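> Following the hints, position chain B against chain A.
Chains A and B, in that order, are what the protein sequence lines are.
The numbering of the first sequence is numbering that gives the first Met the number 0, which starts it at 0 and goes up by one.
The numbering of the second sequence is numbering that gives the first Met the number 0, which starts it at 0 and goes up by one.
Careful, some of the hints might be misleading.
Straight-line alpha carbon distances no greater than 30 Å define the calculated DSSO-like cross-link-like pairs of lysine-lysine that follow [stated by the list, open to error]: (1) 40/B - 374/A; (2) 64/A - 57/B; (3) 64/B - 40/A; (4) 184/B - 64/A; (5) 64/A - 219/B.
In short, the hints are calculated from the structure, not lab data.
As the structure is a computational prediction, the values presented were derived from the model and not from experiment.
Protein chains: 2
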Amino acid sequence: MTDLLARRVSVLGPNMPTFYNIPLHLIRGEGVHVWDDTGKKYLDCYNNVPHVGHCHPKVVEAITKQAQMLNTHTRYLHEGIVTYAERLTAKFDHDLDQLIMVCSGSEANDIAIRMAHAATGKTGIISTDNTYHGNTHLVTQLSSRKPPIGGYAPFVKRVPSPDTLRPLGGSLEAQGKAFAAEIQKAIDELNANGHGFAGMMLCPVFANEGLHDLDASFLKPAADVVRRANGLLLCDEVQPGFGRCGSHWWGHDRMQIKPDVVTVGKPMANGHPVAAVITRPDIMAGFRNAFGYFNTFGGNPVSCAAASATLDVIENDNLVENANTVGTYFADQMSQLSHPIIASTRGVGLFIAVEVEIDGTPATTEAALIVENMKDKGILMGRTGRNANTLKFRPPLPFEKGHVDQVIETLDSILDTIG
Amino acid sequence: MTDLLARRVSVLGPNMPTFYNIPLHLIRGEGVHVWDDTGKKYLDCYNNVPHVGHCHPKVVEAITKQAQMLNTHTRYLHEGIVTYAERLTAKFDHDLDQLIMVCSGSEANDIAIRMAHAATGKTGIISTDNTYHGNTHLVTQLSSRKPPIGGYAPFVKRVPSPDTLRPLGGSLEAQGKAFAAEIQKAIDELNANGHGFAGMMLCPVFANEGLHDLDASFLKPAADVVRRANGLLLCDEVQPGFGRCGSHWWGHDRMQIKPDVVTVGKPMANGHPVAAVITRPDIMAGFRNAFGYFNTFGGNPVSCAAASATLDVIENDNLVENANTVGTYFADQMSQLSHPIIASTRGVGLFIAVEVEIDGTPATTEAALIVENMKDKGILMGRTGRNANTLKFRPPLPFEKGHVDQVIETLDSILDTIG
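Extracted from the complex, chain A is given alone in its bound form (with noise of 0.2 Å):
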């Protein structure tokens, strides 16, 4: 392994970073299980792109007898394309009719924030100060980690993101109107410096903002200012989309919002590349009538067997039934432990986070070490948050009532040692 850490570095360069201080080599997964190159063998909780299972045998024999077949383009006609379309746009039950299939959720939300610019005709984008959409460089203006090479361009305004701990406005119920306020003072600015707003773009869930679990009413008033603003509503659901909420389909479902236009991406096609674009049609015209827009790639036939075998696979074994059951019993379960450096546990579907701090300051570094020790102890999870000092548990669907089980034993005897 040592070898081929130095070999890894030597052809992919510096700054690519692995997980964990001794980096895990794995060689096979089946469902929610992984294997290492030792044999040892982890639970996952932490990929989401397998989203129905590693190596779902349905997918890989959809992948192969296509990738037989043939894989062309979407300038042929095509039956595979159409018909996914028609199935991935029936599951939402607003006026989000049309798709554009592409390779990964950047280029889905680097269209996005093209159709909030061809529908309005201005520019200015808003997200949240912490967050994360992508790596072109379009939607690296987005994402606050690192900036953008160059700097940030002056049509992005970043607000405050809602939090649980510290609500904006100094508590829960405030939170919503307090959040509507900074994107109305965003959008003044935007209108103020010439760029105009174009739209918003937010994940209805805040996962990269450390999962915030929020009153189904919460963005209401966000969405009423972006509305009256004539912006879009841009809603990333690479991380909440296709179930894992568990109550919806959808995360912008949950919190009772319309959006303009919706990306997915990560779990579409259980980690074939594959991303997509939803609008409404008289945004998919504005889009593709300013811009003749292309992907190689985007919807081929593979693609589209791959898409659609993960579709079949969410729905003939009621993914989302078990995400919102076990997600329930997760977040229960979790919300019983007993630790003193447990701050929040919040639940969200098959999405679970723990906030960890000690004396009411972020216990990043203890966050850290709970992750490695769970790993050593053969569970695999993250963190995420502002302060990376919350526990994400974002398990492949198929999780069972069992696998939570092992995941509370395994942390609560760590945290008998840490925290």
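Chain B in isolation, oriented as in the chain A frame:
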């Protein structure tokens, strides 16, 4: 098919063109052939993505095996990306020793431009005035087909493309220096407008500009100008790369220049969504330290398996040599066709261009008709160049002399009825 077309418009929106007056509904592909929904067989002289042949069994097998085993991401150690990166960088005969793997040529070019930004601290980029480098917000700035949404940014300068029939500077001999002089002028303008000069992106065989088979020394003055101005030379090898040139693995080797950054895409994994940026360690370090780039799907185990199998087939089936032999035969046969409409025939390995004119005027309408007639007679090919009057033959690499004969005979008979 009419029904499928109507459903397609309904879910994908307007301005999502298909090829041909009556769109082709392809069902199956194998080697250099595809079949439509009526069972009609076509010789594929268009598609460069299925580089080693449609549905090559070795590539399908590699994808299947790895998809059954594990498909995660590059934040775990995995042999796949390291071995592939070593193999691919070994194909470059100068100091391009590191890579980033992504999902599309657009993502690759978006990074290449930012590498130039990070390396120089400047933002100005130069491209030709008749090109296409992809579809992200940033790279659309370099494309001449349709202005990007919001209009062209002042940090991009477009220089006149070289041309075979109407060379810059009045003659093919003078064209290299004339092209370099245009680049120098653009650099001066970028320095004057405050952006400074970061780099120039070009396709070494000017594929979108009409495929110009220029003298091997043609790009030397241009490269010298770029180098003297401390800019980076960014070669988009999406079309010429992986041996299509026949004489060389890469277009830049054919043209005897040493780019600082190379991007590859389409043919890299025979249709699986994979692309890459290859560069020197110092440029990679500058980029990676300035910006913590991570791509969820890029370089995942399945993508690497697909790319690696494609490399195997290119090597084991001697496809670069085949591109040279069959490509030379193709160009020779084409040059012997005698029709008044043919103004120029050009060949770069298995990439053949036939420019058609009538009385010194681009025969755009006739070129379109030829493409349609060729399709009716079972041959798929396309058009390129500023006036879309250059017939383009760019088949999968396992193309044989018998296929060339079929193309020549068919084209000859069609030209009898047209020009």
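> With reference to the structure, classify each hint as holding or not holding.
These are the hints, each one checked on the structure:
Note on residue 40/B and residue 374/A: the hinted pairing is violated, with a Cα-Cα distance of about 54 Å set against a maximum of 30 Å. Of the pairs offered as hints, the one joining residue 64/A and residue 57/B holds, with about 14 Å between alpha carbons and a cut-off of 30 Å not exceeded. Distance check on the hinted pair: residue 64/B and residue 40/A sit about 20 Å apart at the alpha-carbon level, within 30 Å; holds. Between the alpha carbons of residue 184/B and residue 64/A the distance comes to roughly 53 Å, so the proposed pair goes past 30 Å and is violated.
Using a Cα cut-off of 30 Å, the hinted pair residue 64/A and residue 219/B is violated, with the two alpha carbons roughly 47 Å apart.
Checked against the numbered hints above, the structure violates hints 1, 4 and 5; every other hint is satisfied.
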